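Residues per chain, in single letters:
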Amino acid sequence: MPLSETIPQMDSSTPSAKATPLQAPAILNFVTAAESVDEERDPSPIRQYLSTCGNGAFADKTFASVMLICALSIFAIVLFIFTILVARSRPSLAQFGFGFFTRSAWDPVSGDFGALPFIFGTLATSLLALAMAVPLALGVAIFLSELCPAKLRAPISFLTELLAAIPSVVYGLWAVFVLVPIMRDQLGPFLYKILGWTGFFEGSNFGVGLLTASIILAIMILPIISSITRDIMQAVPTSQREAVLALGATRWEMIRTGVLRNARIGIVGAIILGLGRALGETMAVTMVIGNHPDISKSLFAPGYTLASVIANEFSEATGDMYLSALIEIGLALFIVTIIVNAIARALVWAVTRGAPARVH
Amino acid sequence: MVAATAGAQNITAAGATFPYPIYNKWFTEYNHEHPNVKINYQSIGSGGGIRQVSDGTVDFGASDGPMNDEQLSSAKVKVMHVPTVLGAVVPVYNLPGVSKPLNFSGDVIADIYLGKITKWNDARIVRDNPGVNLPGSSILPVYRSDGSGTTYIFTDYLSKISSEWAGRVGKNTSVKWPTGIGQKGNEGVAGMVRQSPNSFGYVELIYALSNHMEYGAVKNAAGKFLQGSPAGVTAAAAAAAKTMPADYRVSITNAPGATSYPISSFTWLLIPTHFNDASKGVAVKGFLAWMLEHGESEATSMGYAPLPVQVQTMVKRTITTIK
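Line by line, the protein sequences are chains A and B. With the first letter of the first sequence counted as 1, position 294 gets the number 294 in the numbering used here; the numbers rise by one all the way through. Going from the second sequence to the numbering used here is simple: count from 1 and add 360.
Hints are computed from structural coordinates only; laboratory data are not their basis. Fair warning: there could be bad hints in the mix.
[Said to hold, decoys possible] Selected chain A positions facing chain B (Cβ under 8 Å, derived; list incomplete):
no., residue
1, S73
2, T102
3, W106
4, D107
5, E146
6, V176
7, F177
8, G199
9, G266
10, G269
11, I310
[To be verified] The list that follows gives simulated cross-link-like pairs (lysine-lysine, DSBU-like), each with its CA atoms no further than 30 Å apart:
no., chain 1, residue 1, chain 2, residue 2
12, B, K536, A, K297
13, A, K297, B, K476
14, B, K476, A, K193
[To be verified] The calculated label-pair distances, taken between Cβ atoms and stated as ranges, are:
no., chain 1, residue 1, chain 2, residue 2, range
15, A, A71, B, Q555, 32 to 40 Å
16, B, T681, A, I74, 48 to 56 Å
17, A, G111, B, M662, 48 to 56 Å
18, A, L163, B, S459, 40 to 48 Å
19, A, Q186, B, K602, 40 to 48 Å
20, A, F143, B, Q555, 20 to 28 Å
21, A, P149, B, S459, 35 to 43 Å
22, B, K476, A, T102, 41 to 49 Å
23, B, L494, A, A342, 50 to 58 Å
On a predicted model such as this, the values are computed, not experimentally measured, just so you know. Don't be surprised by glycine CBs; every beta carbon is placed ideally from N, CA and C.
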């Protein structure tokens, strides 16, 4: 609009410009005329192809609705699982009510059940594993995407992905035969000597327990977090790095402000994925956690997780109450997962609220 | 018989994992000899076996622990117990420097798992093992974390020996262990014990035998220390045969007799008393008769104890009542 207003003004002020507006429309007219003639006579091969493919509007709508059904199936599946869990755990829900989640009894003989030690074990091992794995995974990812010589990058990336592909039972076996003796004879006594005063490393250390389970979980979630974080960091455009470096930043400052800051939502996502695996991990944890439903401050003490108790006791559970208590444990795991994910989402929101990630 | 041979019979069964190796062998052999009868057994655990046969989703089940009265009365299908073979549970331990098999009284084992005996040189362990130099280290009790018939037999024995155990813990496929750490499966317990000095655990006799593990002797009801063996287990069953109830739901732990191994138990097939499909009933009866005739003799070579002769005679009579 403003352009069309300025043109007449220019016309009147400068005589030399008078010729231009006259010429320009002529050229424009010529071009559009030529194009329209071309299209009528000989449509482009793409247009030709598309017109043979049936009704575009119909295809678009069908595609959209199929995709909508796919998306809704997620809701349906979650709802279905939740409904089944609630329906099947009804006897235990009726017997213990909400108290099921806050009681620490687990006695199949007398039929007295509570989920608290299992919820504690699940959260304690997962969070501890996260505390160990996240710094390490970030280090691996930063090295791979920013500092690694090209020759080393492929082998390290390959090994990281290999770690992610190892079945959890293999991790469990390795933990039983390698990690447990190390915990018992070297690492455990060492931790007791330097950190015993905290109360977290007390009591008998037999090599199995919360700490060993957390370490094996940390090793298992390390490749997930590091490989996703690396991919996300590599997706940060080089222009960002160059811009920060051009302002005189050191390499670390460049990584911190140019890369990590831009990638932080993705990194939190990677951590949530790792946490999800840690919460649900069953086999490897069962093999080294000690499977004793206790709530203990000491990390040497044996513990028990929600997933482990289901795996251990479901097949031999007789009696309706026992069975429904185990299914309610499944419900507890479901709820814990939802709550932890919700907290993580809230965290992402809190982090990104102040300064939204920059669009490049 | 004519009806049974007319078409191939596919029979489904599910249950206990402990007798799975020998059941598998029996079902395969029986199928070779009787190509028209194919028994498909899934070792999903005793709990699953009881549930599935009660609901009528399998033709018969199998369990390491007998069904209780409540389970029997609430089952949609009327079920009878048929004992097949016997198993036993043996104590295993890892005590560096001790080579002689150790002796354990039942009350000592109970108190180890109750957390009342915590040191290897406890006066009561020393009393049972004269001449053995026991260290003063802490005992690490290891138990089965997964629900299992092994735990059922073991806790059934401890409940008979120790009134405190019966009151505080009781017997089941999983119990509330007062102390110790849990490991999954025989292999889990054995692996943990093997590599943890000063540990104490329990595994199935067949597992200990097939893996050439050292295991301890247990004091039987006659006061003798006996190492687990198929012969000792059959002796325990024979001792119990005199008082065998008609439905075979009997515990033979701590059985009388100088040669009876005390932590022994039957394992049972759970057979419906009445088959809707008569030809299936005939096929199952045929298998059970074959099992008593030929199958039992194979038990010892696989580490299981065969039924004592008296019980075999009883079972032979019982299976004729299946319709």
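Outcome of the hint check:
no., hint, result
1, S73, "29 Å, violated"
2, T102, "18 Å, violated"
3, W106, "6 Å, holds"
4, D107, "4 Å, holds"
5, E146, "42 Å, violated"
6, V176, "6 Å, holds"
7, F177, "7 Å, holds"
8, G199, "20 Å, violated"
9, G266, "37 Å, violated"
10, G269, "33 Å, violated"
11, I310, "11 Å, violated"
12, B/K536 with A/K297, "20 Å, holds"
13, A/K297 with B/K476, "22 Å, holds"
14, B/K476 with A/K193, "28 Å, holds"
15, A/A71 with B/Q555: 32 to 40 Å, "50 Å, violated"
16, B/T681 with A/I74: 48 to 56 Å, "55 Å, holds"
17, A/G111 with B/M662: 48 to 56 Å, "36 Å, violated"
18, A/L163 with B/S459: 40 to 48 Å, "42 Å, holds"
19, A/Q186 with B/K602: 40 to 48 Å, "57 Å, violated"
20, A/F143 with B/Q555: 20 to 28 Å, "35 Å, violated"
21, A/P149 with B/S459: 35 to 43 Å, "56 Å, violated"
22, B/K476 with A/T102: 41 to 49 Å, "30 Å, violated"
23, B/L494 with A/A342: 50 to 58 Å, "55 Å, holds"
Checked against the numbered hints given earlier, the structure breaks hints 1, 2, 5, 8, 9, 10, 11, 15, 17, 19, 20, 21 and 22 and satisfies all the rest.
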